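J.: Given only the sequences and the hints, what does the whole structure look like? Please build it.
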Amino acid sequence: MGTTGGTIAPDHILQDMANLWVTLGKQGEGDAGVLRACSMTLVVAAEESDDAQGIGETLAALMPEHPSRAIVIRFRAEEQRSLAARVFAQCWMPFGQRKQICCEQIEITASDASVADLAPVVLPLTVPDLPVILWCRSPRLFHLPGFSALAAIAQKAVLDSASFTDSAAALKDMSEAAAAGRLIADLSWTRLTRWRELIAQIFENRAQLANLPLVSDILISHRGTATPATAYYLAAWLTEGLAKVGAHPRIEFRSDGGEPVWRLSLVEMRAQGRTDAIASIALTEGAAAEVRAGDLVNKALLPALNDYALMRGELSIPGRDAVFENALAAAAKLALS
Amino acid sequence: MPLENPFQDPLRFERRVPECAMVIFGANGDLTKRKLLPALYRLAYERRLDAGFAVLGISRTAMSDDQFREKMLASVKEFLEDSPFDADVWAAFSQGLFYMAGDFDNAAVYPALDARLKEIDASRHTGGNVLFYLSAQPSQYIPIAQGVAAANVGKGAGWRRIVIEKPFGHDLASAQKLSAELHSAFQESEVYRIDHYLGKETVQNILALRFGNGIFEPLWNRRYVNHVQITAAESIGVEGRGAYYQEAGALRDMIQNHLSQVMATIAMEPSATFRPDAVRDERSKLLRSIRVMKPDEVLQNTVSGQYGPAHIGGEDVPGFRQEQGVKADAQTDTYAAVTFFVDNWRWAGVPFYLRSGKRLPKRVTEIAIQFNSAPLEIFNGDETTTAPNLLILRIQPEEGISLKFLSKRPGAGMKLRPVSMDFNYGSSFGERSPSAYETLLLDAIIGDATLYTRQDMVEASWAVVDAVQHVWNETKFDFPNYAAGTWGPQAADDMLARRGHVWRQP
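First to last, the protein sequences are chains Y and A. The first sequence: position 310 = 310 (our numbering), numbered continuously. The second sequence: position 347 = 684 (our numbering), numbered continuously.
It should be emphasised that the hints constitute simulated quantities derived from the structure, not laboratory data. Please note: incorrect hints may appear among the correct ones.
[Stated by the list, open to error] Quick list of in silico lysine-lysine cross-link-like pairs, BS3-like style, CA-CA up to 30 angstroms:
id, chain 1, residue 1, chain 2, residue 2
1, Y, 26, A, 752
2, A, 370, Y, 299
3, A, 745, Y, 26
4, A, 455, Y, 299
5, Y, 26, A, 741
6, Y, 299, A, 414
[Said to hold, decoys possible] Label pairs and their in silico Cβ distance ranges:
id, chain 1, residue 1, chain 2, residue 2, range
7, Y, 306, A, 755, 38 to 44 angstroms
8, A, 525, Y, 65, 37 to 43 angstroms
9, Y, 260, A, 479, 33 to 39 angstroms
10, A, 711, Y, 23, 30 to 36 angstroms
11, A, 740, Y, 163, 42 to 48 angstroms
None of the values given here were measured: they were computed from a predicted structure. Think of the CB as a built atom: it goes at the ideal place given N, C-alpha and C, for glycine as much as any other residue.
T.: In structure tokens form, the structure reads like this:
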């Protein structure tokens, strides 16, 4: 079902959605019908050139765990004002069940010039009483004049500093937005969760914990030539944690080249005068990582996470994340120093 | 030395797991192979265990560490169910697997065990923390606990905990004796009595449903709830365990422990906090509030059953008495149904019907809470327009929650039909639920006893069940009284019919 032309009316879209559910209900009759599921409104802002199929697949994968009304806005770099919309449903059949579960999806195409018209369209389309999350997939959109009104509808905006060309500038922008009270999430931080959890787990052991105040040097190796935001985040988070136990280590970033540019390959914590590392995590082959804690060596899997896995993590945290906010402020300071 | 790990992030990380060594008594047994090692491997795969986590298996069979690792590898591969196997993760995890042969009745085993644990602690940095898991015959619980205590096995800088599997005695007196003897070696706070039903996600979800939502609690009492049915049905028979089962029976094997605990979770008062002892105090209070039947009330409020032979799906299925190892005149209950009442203000007069049986039509465990019908029937319809609201909590096989209510049929006229609002655990969260053993093992390592049963809870449920069992022991039942593949004896239907109720067909 769709609405085309230069303008779109939210009432028409809502009517289209109501009709959609009637149609789905009729299709399901005789079987067990359909179940409508919704736990949030997810607004996706993407470039028209962005991989539409990929976004669709990511949303479809997210729906079983985070059923939502998805509003996908695809921006066209065009000076003429134009908007178009269509609605459809994402349905899936849970294993062993007879009833389909469906979520509604609205796709809006908008020119850059129409960005100021979007907020009044999107606002009535959000589901009452449920959180609104904005996933901005392009740094260009984040800087469009008028985009802030759209962003203001959402309780939380999810960005990916890895898609910015200058990670230091990205961290600065996000840190300023967070300081102004906006709830921001960065997928570069989400990529670090497994790394951070492995490090935290190493120091759950009291024998290892005793070594923490001795840490004098931290080495973080990464792919790509420029230091990525993930490296700044990890360094900032480690520095903050170590400061609590009285350690103030030197940080060294090292590039070992290769792709993807944001991927970390090694983190190593050393103490002055000791030949072996206190702790280290090193990517080996593929997704495997070697975790060393003193003389203990373990293996863990650290796969590169796709959009689905990253968003799944972020959508689980609709509220404020104090650890991230501290790390963001410290990482921005570190990147700009 | 820092007291706290500064890198914790509870919002994004899983629960904190301390370093420890786990000693499995009966490491060559079925439970270890089918449940414990697959659950531990899965925890390692999910990076939930400390890097130095170690398992020291002990049983009579002579084996080297490497042979034990090989054996466990085969078991993990066979019983991992819905999880992937990763050779690298196994390689690292298996470095922490150790084995020693020993007879649990031999006192010399325990100093040797202590020495081995010290070696492991030195190489794996397990912090002196030891979790003893008794995957052994119940008759060996006391010799093991006393052997461990006498040799001070694992006693040092860290904590010691002991996990035991059911049965926790075979009646109240034996349960009390078991606890008293365990207490000569371990304090009650160190004893973890495992009931894997409580580790199931949906059983835990009962607490979330009841105490995380504001809309259910006002309805959760005698004013709105008509009655509660708790069903644990198995489609299989005794599967070669006839000799064991003959001594146990459904009442002791299921109702005394699993179903009583589920009932306590359904009916307990809200605890002030979610601390282990606060939750267990409330469960215990509820179990102590279940009315103990007088002898002359037992046969009116309970049903004992035993399956007979049948022809199911083109196959001849033996009756219980035809199973291997079972006496031809066995009086064992392969089916038990009971009506319990809770003597407190919330539940006075509300029947709780519990039933469990083998060779029933399908494998299902569920709780059905039936609410009172609307006080006035204004729609002039048939029986469907007065169908009561039902809240169904499915524990297995498809964990989930359904609420049944009436809705108007589309079209002219005011015709109603029951509809169901479903929440399916698997489809709504899209991720694999941890197995009950993963949850409970992790809880024991962390020291969270919320889902473990305590001495007073075990004794309270034995007190209730003993009253029934004593009368049953004195009664000669006319067995078999239900055919395999049916929903149990007619007497069970009659028991509910006396109060105007019918069993729900799951």
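J.: State for each hint whether it applies.
T.: So, going through the hints one by one against the coordinates:
no. : hint                               : verdict
1   : Y/26 to A/752                      : holds (19 angstroms)
2   : A/370 to Y/299                     : holds (23 angstroms)
3   : A/745 to Y/26                      : holds (17 angstroms)
4   : A/455 to Y/299                     : holds (24 angstroms)
5   : Y/26 to A/741                      : holds (22 angstroms)
6   : Y/299 to A/414                     : holds (18 angstroms)
7   : Y/306 to A/755: 38 to 44 angstroms : holds (42 angstroms)
8   : A/525 to Y/65: 37 to 43 angstroms  : holds (40 angstroms)
9   : Y/260 to A/479: 33 to 39 angstroms : violated (59 angstroms)
10  : A/711 to Y/23: 30 to 36 angstroms  : holds (33 angstroms)
11  : A/740 to Y/163: 42 to 48 angstroms : holds (44 angstroms)
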